[in-house]
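Can you make the complete structure from the sequences, with help from the hints?
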Amino acid sequence: MSAPTLKIENLKLGFKLWSGMVEVLHGISLHIGKGERVALVGESGSGKSVTARIVLGMLQEISTARISGSLNFEGIDLDKLKPRDRHHLRGTRMSMIFQDPTSSLNPVYPIFTQFREVLARANPAIGEAEARMKAIAALADVSINEPERVLDSYAFQLSGGMNQRVMIAMALANNPSLLLADEPGTALDVTVQAQTLKLMSDLVEQHGTSVLFISHNLGVVREFADRVYVIYKGRIVEQATTKQLFSDPQHPYTRALLSAVPRITGGGIPDIAEDTAGFLDPLIAHPGASEKERLA
Amino acid sequence: MKKTLLILTRNPLSLLGLILVTIIVLAAVFADFITPFPEHVGAVVDFTNFNQPPHWPNIFGTDLVGRDLFTRVVYAYRVSLILAAVVLIIAVPIGVAIGLAAGYLGGWTEYVLMRITDIFLSIPPLVLAMSIMGLLEPTLTNGMIAVTAMWWPWYTRLVYSITRSEREEGYVLAAEVIGASKLHIMFREILPNCVPSIVTKMTLDFGFVILIASSLSFLGLGVQPPTPDLGSMVADGAKYLPDSWWLTVFPGLAILIAVFGFNLIGDALREILGGDQ
Amino acid sequence: MSAILELNGVSKEFAVNGRRTKAVDNVSFAVEKGECLAIVGESGSGKSTIANMILGIYGTTAGTIAFAGEPLPERREKRHRRAIQLVQQNPLSSLNPRRTVGASLRLALDVHEIGPKAERAARIGALLQEVGLEPDYARRSPAALSGGQRQRVAIARALACESELVVLDEPTSALDVLVQARVLRLLAELKAKRGLTYVFITHDLSVVRNIADRVAVFERGRLIEIGTTEALFSSPTQDYTRRLISAVPVVSDEEAAMRQHIMGDQA
Ligand SMILES: Nc1ncnc2c1ncn2[C@@H]1O[C@H](COP(=O)(O)OP(=O)(O)OP(=O)(O)O)[C@@H](O)[C@H]1O
Ligand SMILES: Nc1ncnc2c1ncn2[C@@H]1O[C@H](COP(=O)(O)OP(=O)(O)OP(=O)(O)O)[C@@H](O)[C@H]1O
Ligand SMILES: [Mg+2]
Ligand SMILES: [Mg+2]
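Protein chains in written order, with this note's numbering: chain A, 1 to 296; chain B, 297 to 573; chain C, 574 to 840.
Certain hints may be false.
[Claimed, not checked] So these bits of chain A aren't anywhere near chain C, every CB distance computed over 12 Å:
| hint | residue |
| --- | --- |
| 1 | 108 |
| 2 | 121 |
| 3 | 133 |
| 4 | 146 |
| 5 | 175 |
| 6 | 194 |
| 7 | 206 |
| 8 | 241 |
| 9 | 280 |
| 10 | 288 |
[As the list claims (entries may be wrong)] Non-contacting residues of chain C with respect to chain A, defined by C-beta distances greater than 10 Å in every case (computed):
| hint | residue |
| --- | --- |
| 11 | 602 |
| 12 | 649 |
| 13 | 650 |
| 14 | 655 |
| 15 | 688 |
[To be verified] Cross-link-like lysine-lysine pairs, in silico, DSSO-like; alpha carbons within 30 Å at most:
| hint | chain 1 | residue 1 | chain 2 | residue 2 |
| --- | --- | --- | --- | --- |
| 16 | B | 478 | C | 690 |
| 17 | A | 134 | C | 595 |
| 18 | C | 766 | C | 606 |
| 19 | B | 478 | C | 766 |
| 20 | A | 34 | A | 233 |
| 21 | A | 12 | A | 80 |
| 22 | C | 764 | C | 606 |
| 23 | A | 82 | A | 12 |
| 24 | C | 764 | C | 651 |
Don't read these hints as lab results, they were simulated from the structure. Where is the CB? At the ideal position from N, CA and C, for every residue including glycine.
Here it is as structure tokens:
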């Protein structure tokens, strides 16, 4: 097996706040092979978004963040890259769909201006007309009905789901080799969500894109991902192929998580015991899904 | 605040700015104690020791009537700093309040306030100040009025543009839905988000106000003798260049150092506080 | 039972660069006191716009909205503000980044003078606990909270007003399912205890199935179907509704079978 697209080893993160040090990630390791769709699911606040931000190199810019561990992208040690080169990867070879689309878009520029900037990162010579054409095509791909109007609008004039699709279209525009998708479907209705998932899957198949897929929607994870990591309080607690995880969850936290999913068949909102005993139990790796086996 | 100061000391450039500004401020505050001839601030004449190049104890030399130049430069700093502080203390709240009102309230308020601001901005600052000074007597107070009149619109512009983008934010909406008053939303919700940019601009402006005030007095429109003033010292001394070079060089350097020091801090603050301009 | 909220022929048009779009098109429905009405539908179909009109953030282009029998004025009075609250779709920007969580909660208490001044700090702590956060989160800034934690603060803020009607615009889409279950139970509890009424906008039909009393389905600004949750899920009348239900991603095979059933039933 060739070098994985992304390999994270023993990643630790803390924040130095006035009240003292807050540990957020306690040494997590994960990898994503070429063309693999890997989901990261878990508690809110467990450190999913920060992991993605570290990969992009964004958290490194925060002065309170203390980061250690190794990050490897397509065989390159990211920490050895010059800041300029690393910055250049963003939006070109790795791109991210941010969790909060409305505030990730700049409120003072119309969508087109921002879209053009994204396209110009990969192709600085791109002209106005060409950028517009590409942007329209990209928006149509994410089932936006009136791409022209959307391009001339400001983020606050669009619905949450439209902004999210704009973000998705921007993230996919330059055919990245790694896509970090942080809750890409939260504001979309299920039919459009299915469509964007299909779009991402196509990208995976055509360009061998690797996807880190962060989501709270376990149903989507089950349909989209090849493999799943479950994270709880800054620790990976279970890793398995999607099939293994949903048919045979082992870790107490994963079990609790799966039992909390409301069912379309009804039955009320699950009553979750407050009991969190066992949630901090050590990592359970299903056969065939552990780091060592896959990378050996 | 403490944290910001700490970060400032870490970067050599901002540390230099901090040192320069601290020295200037301390010198201005303790002028009475550190200058060798405090009485030279007034109309003193000493024809035994006039127009002398730097020597001990007149380390910056003496002026045409024999007053110690170092003493006068330090006192001139005091005047400049007071002037800059007063100007900003008056101009900033006015500019900020107008900018917030125009940006948040919108509609006619926005239209009228921003047109007035634009009119002020379209007149070259020095021309505006000169015409005000021409109408009024050239005293320190009037100098402050003139400079204040040309300064507030910049804060209006700055705060206005930030407010325009902030008012679309969810937290503003949330406050409106709760039923908070417009005043609360402007001053308690939006204003805190403008503070970093305002503080940054104020620091940068401290140097510029000193510079503008000096330009005015260079043109004979500023502070009047015998009160020491950097601008008029440069103007008076310029007639005796290059022979009596110290008459212009030291006051000129003094202006330069003040502007430079405040700028270094301002630039660093812009980065630390994340204010955008 | 009486309708606490009534929309009558409500429409809303927007103009962007001279082009007009009809975001909401002649919509009428009523919400009973104490019920939870879910609004689902296409993204961009006008759900948030309806929420904004109920809250008086946007005026209506046509039609009227009545609360507790009286038509709501364009300019809302303080009592309306207190009676109707909102939890926004977007957890990140709905809290002021330069103010602490406590200050954001306190605003609601101060504006409506809820409880004696001295007790407000304690009340804030209690509100945070109600949504499953430690009271000392009051001192944190929103930047130091995760998306889900922020959303819980936003819910706590809506509860702080002690309102009668809460409009929730995708309140749990940023939460993990464990926290979601807790928040949903909390909402259900508050509904039972305080007699709250909810208008619950969401894309998650599995949540709708388990929390809503009735469901309204929107497509392109129009209300295409409204009915009890039971009826809607067992026999949807509209093709779009059926497509929605069949596209719900599920976690188990039985659920997948049920989806199939709905499609099969009507086909
Ligand atoms: N700048 C920061 N300073 C201090 N703490 C932070 C900062 N950013 C994030 N955190 C903390 O790090 C933890 C992880 O945050 P992160 O945003 O990664 O959570 P998440 O797993 O994405 O959660 P969610 O599913 O709710 O989005 C949280 O507890 C949060 O409070
Ligand atoms: N302030 C505005 N100015 C112009 N157009 C707007 C404005 N707000 C909403 N719209 C338009 O109204 C339509 C409906 O938007 P709305 O936000 O109500 O959709 P939604 O049903 O909430 O969608 P989502 O599920 O994606 O949140 C969209 O086409 C949007 O572009
Ligand atoms: Mg997150
Ligand atoms: Mg919406």
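Practice problem: For the pair we were handed, residue 12 of chain A and residue 80 of chain A, check the Cα-Cα distance against 30 Å. | Solution: Answer holds: residue 12 of chain A to residue 80 of chain A is near 18 Å, not above 30 Å.
Practice problem: Take the C-alpha atoms of residue 764 of chain C and residue 606 of chain C, compute the straight-line distance between them, and say whether it is at most 30 Å. | Solution: holds (10 Å)
Quiz prompt | Nearest-CB test (12 Å) between chain C and residue 175 of chain A | solution = Residue 175 of chain A clear of chain C: closest Cβ-Cβ about 25 Å, beyond 12 Å.
Self-check item: chain A versus residue 655 of chain C - minimum CB to CB distance exceeding 10 Å, so not interface
Solution: Since the minimum Cβ distance to chain A is about 26 Å, residue 655 of chain C lies beyond 10 Å and the statement holds.
Quiz prompt | Verdict on residue 108 of chain A as a residue remote from chain C, using beta-carbon distances over 12 Å | solution = Given that every Cβ of chain C is farther than 12 Å from that of residue 108 of chain A, nearest at about 14 Å, it holds.
Self-check item: Agreement of residue 34 of chain A and residue 233 of chain A with the hint, judged by alpha carbon distance not exceeding 30 Å
Solution: holds (28 Å)
Quiz prompt | Non-interface claim for residue 146 of chain A versus chain C (Cβ beyond 12 Å) | solution = violated (8 Å)
Quiz prompt | Pairwise hint evaluation, residue 606 of chain C against residue 766 of chain C, where the allowed Cα distance is 30 Å at most | solution = holds (13 Å)
Quiz prompt | Distance rule for residue 649 of chain C, whose beta carbon must clear each one in chain A by more than 10 Å | solution = holds (21 Å)
Quiz prompt | Whether residue 688 of chain C stays farther than 10 Å from all C-beta atoms of chain A, as the label says | solution = holds (28 Å)
Practice problem: Would you check whether the claim that residue 133 of chain A is not at the interface survives, using Cβ distances to chain C and the 12 Å cut-off? | Solution: holds (19 Å)
Quiz item: Checking the smallest CB distance to chain C, is residue 121 of chain A really beyond 12 Å?
Solution: holds (24 Å)
Violation of the numbered hints given earlier is confined to hints 4, 6 and 19; the remaining hints are satisfied by the structure.
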